[in-house]
Amino acid sequence: MPRREDDIEFQAQVAAWLFDKMHFKQEQIAEHLGIKQPDVSRRLKMAEEKGWLSRPSFIRGKDISDARMEEIENAFYRRLPDLRRQLGALSSQRLPGSTGPRVHVFYSGPSATDKLGYQKRQELFGWNAALYVHELVSKMQRVGVAWGTSIARLIDGLRPLHPKFGRDTLFFPVSGEPLRERGEENSATSLASQLQQLVDKSSQGPGLNMVIPCIPDQFDPGATQNIKHLLLGQVEGYRRIFLGEGGHSPLIDEMDTLITGVGTASKTSTDPWLIERVNSMRNDPPLT
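The opening position of the sequence shown corresponds to residue 986 in this note's numbering, with each subsequent residue numbered one higher.
Since the hints were made in silico from the structure, they are not lab data. Some hints here could point you the wrong way.
[To be verified] Listed next, the in silico BS3-like pairs over lysine-lysine satisfying Cα-Cα at most 25 Å (straight line):
(1) Lys1006 with Lys1035
(2) Lys1149 with Lys1010
(3) Lys1021 with Lys1010
(4) Lys1021 with Lys1006
(5) Lys1105 with Lys1010
(6) Lys1149 with Lys1006
(7) Lys1010 with Lys1035
(8) Lys1030 with Lys1010
(9) Lys1021 with Lys1047
(10) Lys1100 with Lys1149
(11) Lys1100 with Lys1006
(12) Lys1186 with Lys1124
(13) Lys1149 with Lys1021
(14) Lys1035 with Lys1021
(15) Lys1149 with Lys1124
(16) Lys1010 with Lys1124
Produce the complete structure using the sequences and hints provided.
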């Protein structure tokens, strides 16, 4: 058996590596090592004292105004000002008088050139995104969930944070089943179910299993309504989420939070549904 001193030194080395190379926050390091956050602080301090970690800090002096601080941040996040302006404009259009959304930007590692590197970037994204989402937990009650790998990694990051959702918090899918291979584990129904387990392991929200993700645009409005009510309306989860039943309004009308990724809008995508959409609208392509 190794001595306790060796264990602590090894933990300090691992903590230093995660902090510097993986950009982990102390809460994430604590979960990875199975120790408490104050212990992580002590391990990082030991790493500095031993010379395993150097942490020069940016010190904001009195001569750095808020405007200059924003310029400094924007020098790294070059596209961030444009993104904030566009989101702010969109928000003001939909919610007159609103102050606009809060935009969090964080580093998720260097550009990936292989599958393993891409997976590491997604894992790091999930950890960092979970810390921000964790701050919103108390405000969540009716939460719509889209589908995709990014959301799956977000859930991986949330689990070790043990978020304290309200008893009445309900997660529900807002998309049908994806049509790509091996997509079921990242479907909206599966992801919403995993999030609901964080609220109450015995509870189960509505699902959209076997519901198509999209009704082709070629159908006229009447046919589309018939599909929604006569076909999809036979699915209990679809009725509860999109149609309402038993005197209750649809959950989609009560939604206060939406968890979604941005997806891929590219003609080079291998997603069968996206390819079908692009080909069917060749005369007026919406994704170019």
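* **Violated hints - listed by number, lowest first** => Hints 6, 9, 10 not satisfied by this model.
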